[in-house]
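**Student:** Chain by chain, the residues:
Protein chains: 2
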Amino acid sequence: MSDGIKKPDPINREAVQKFREQKKKILRPEYYIKGILNHDRTILSQAITLVESSLPTHQKIASTIIEACIPHSAKSLRIGITGVPGVGKSTFIEALGKKVTGWGRKLAVLAIDPSSERSGGSIMGDKTRMENLSQDPDAFIRPSPSGGSLGGVARKTRETIILCEAAGFDTIFVETVGVGQSETAVHSMVDFFLLLMLAGAGDELQGIKRGIMEMADAIVITKADGANVQKADSAMIEFTNALHLFPPAESGWIPEALTCSAREGKGLEAIWQTILSYTDRTRENGFFQLNRDRQAIYRMYDFIDETLKSDFYIHPGIKQKLEKYEKKVLKRELSAYQAAQKILSGYRKK
Amino acid sequence: MSDGIKKPDPINREAVQKFREQKKKILRPEYYIKGILNHDRTILSQAITLVESSLPTHQKIASTIIEACIPHSAKSLRIGITGVPGVGKSTFIEALGKKVTGWGRKLAVLAIDPSSERSGGSIMGDKTRMENLSQDPDAFIRPSPSGGSLGGVARKTRETIILCEAAGFDTIFVETVGVGQSETAVHSMVDFFLLLMLAGAGDELQGIKRGIMEMADAIVITKADGANVQKADSAMIEFTNALHLFPPAESGWIPEALTCSAREGKGLEAIWQTILSYTDRTRENGFFQLNRDRQAIYRMYDFIDETLKSDFYIHPGIKQKLEKYEKKVLKRELSAYQAAQKILSGYRKK
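First to last, the protein sequences are chains E and L.
Residue numbers for the first sequence follow my numbering, so the first one is 1090 and each next one is one higher.
Residue numbers for the second sequence follow my numbering, so the first one is 1090 and each next one is one higher.
Since the hints were made in silico from the structure, they are not lab data.
We treat Cβ as the ideally placed atom computed from N, Cα and C, and that holds for glycine.
Possibly wrong hints are sitting among the right ones.
To be verified - The calculated SDA-like cross-link candidates involving lysine to any residue, where the alpha carbons are at most 20 Å apart (straight line), are:
1. L:Lys1320 <-> E:His1333
2. E:Lys1164 <-> E:His1276
3. E:Lys1187 <-> E:Ala1359
4. L:Lys1416 <-> E:Ala1359
5. L:Lys1149 <-> E:Arg1437
6. L:Lys1431 <-> E:Ile1386
7. L:Lys1413 <-> E:Tyr1387
8. L:Lys1149 <-> E:Glu1422
To be verified - Derived DEER-like restraints, expressed as beta-carbon distance ranges:
9. E:Thr1131 <-> L:Gly1375: 49 to 57 Å
10. E:Glu1373 <-> L:Leu1419: 19 to 27 Å
11. E:Gln1378 <-> L:Ile1407: 23 to 31 Å
Next up, chain E with everything else stripped away, as it sits in the complex (with noise of 0.2 Å):
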């Protein structure tokens, strides 16, 4: 982490006694603790920073924060954003995102892409997009550091939430790109699951990934003006039809389809109802906890499970033994079963 203090010239003791002062006081959670239930947003992103951090001296640090603000999160609604690039995701959450805090409400935007290091499609980095929304006092934008493994990002991504709801944001967008694994992370720890998609299925499908459309809470078809009014009703249509063949959620909730335009600012009030029918609905037969409950349970096995994982796949020697057995399971002399017994034969006897 770059905590933003100028080391000082070394001969200038009264600058260099100031300077270690100062370090001192970044490397105390009180600061941050104290600095986030004030709601203070620039110790809040420096927060963030440590949690992303992979220093053990950070990670440390941001276990405490982590401990003190989480008898103070939860209080939020989070909901999930994902489309594939082109679907005009930015523009549609900033438009939302501006009605959202205009109706009174913090509203906090993270985003998750694990495809970052590639070029075209990245939600990151490009700090032009949601320019309004970024200036607005009651928002707070925040990209997840792109690189590192996708449970990592998925994690921080969930802590980061735990801290944006203590610093007293009352609304969570968790922002993904629809192509990757990460919207069944995303899914796992929102409370509602928004899907854009463009009008005129076919080609622009191409992107999204097979299972999402089952998991979206509501599909809004996104650009529906000018000329393209008419396909986007009709794409609605289908959607609609599409959404009732679903076998019915558990939540009680059946998945609705809504067109909009960002540009035109039309149709994000309906949207914004759906979310809050939706939500309506939940609490009162119990399902909003009951998913909040069983997420929190789900991402500790979750921990569990990744970290024995990544115990294993880092020990010397396993790597080779990986590659060696692939080998022989493609050619067929041993069952995939077989091969991984004789994997983890040396492995499990330590």
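Chain L: place on chain E using the hints.
**Tutor:** Just chain L now, with coordinates in the frame of chain E:
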């Protein structure tokens, strides 16, 4: 495994000697390997029982048998068939199975049913079902044993497929009930995935787990006979439209919706034709083999992960720790990640 050999009167020396020899023979892998490669169905059955056994001595022999069979495997067409209880799975499999053996193919029907402990809806134990097919000399029907973990059942079914293929079966049906997690497992061991559905969406869909529809290479509307024909036809059109809205599968195949009446023997040829079109197309574009290779490698990694997990969860004291920290997560005293770390701390040091 009960090997069917009666324990003799210990005073009768001759009988005791014969008993010992029989026991010894039974435990020699060569006996099974030779039998399977000679297409002996009784010995195939006995070998599958060894594969399913959890006794270490049986597992050891089973492993040798599988190793010998695996070079003779992988030459069949593997078809997964799923649908909720009441959809008419047995009748469908029997009707299609009879057609398939009539065309000169050798068919093995394997059933996975992790929920078989429950009474209604079990696909096992019901010995009267598929009466015609079970008397067909070219068909072999084998349910997976009830109980045990899903992972275990799935592994055994995979290895049972190997044995059946080595025993000359060129068509494998793997049947599941469509209400649990077993479909993902089955999907990862077959070439073609068939979902059976009833006409008149709504209530009948209740049982199908979300996400299964997007796995299907074809949806078959069953019981398209009598007063039901029109309803089945409109369901077929609805599903065809819905399937087109899904993102295209990597196989390049667009899933089809079809109707069928197993009772009247209608639609079965068209279904088989669809399966053959799929295999032709995917063999041509290379996806068929690619998918099998991936399934095998995926399986290897999956077995490793399963073993790492089960080693951990049976470790002394872990169960108590999990219960303790689940509570802390639900009370929001710790984040899921922090709880996971505390649970792992003792285990990882070892």
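**Student:** Now tell me, hint by hint, if it's right for this structure.
**Tutor:** Each hint, compared with the structure:
1. L:Lys1320 <-> E:His1333: holds (16 Å)
2. E:Lys1164 <-> E:His1276: With a Cα-Cα distance of about 18 Å, the restraint between E:Lys1164 and E:His1276 holds, given a limit of 20 Å.
3. E:Lys1187 <-> E:Ala1359: At roughly 15 Å apart (the allowed maximum being 20 Å), E:Ala1359 and E:Lys1187 satisfy the hint.
4. L:Lys1416 <-> E:Ala1359: Judged against 20 Å, a Cα distance of about 38 Å means the pair is violated.
5. L:Lys1149 <-> E:Arg1437: holds (18 Å)
6. L:Lys1431 <-> E:Ile1386: It holds: about 14 Å lies between the C-alpha atoms, which stays within 20 Å.
7. L:Lys1413 <-> E:Tyr1387: holds (15 Å)
8. L:Lys1149 <-> E:Glu1422: holds (17 Å)
9. E:Thr1131 <-> L:Gly1375: 49 to 57 Å: Holds: the Cβ-Cβ distance is about 54 Å, inside 49 to 57 Å.
10. E:Glu1373 <-> L:Leu1419: 19 to 27 Å: holds (21 Å)
11. E:Gln1378 <-> L:Ile1407: 23 to 31 Å: This hint holds: roughly 27 Å between Cβ atoms.
Violated hints amount to a single one, hint 4; each of the other numbered hints is respected by the structure.
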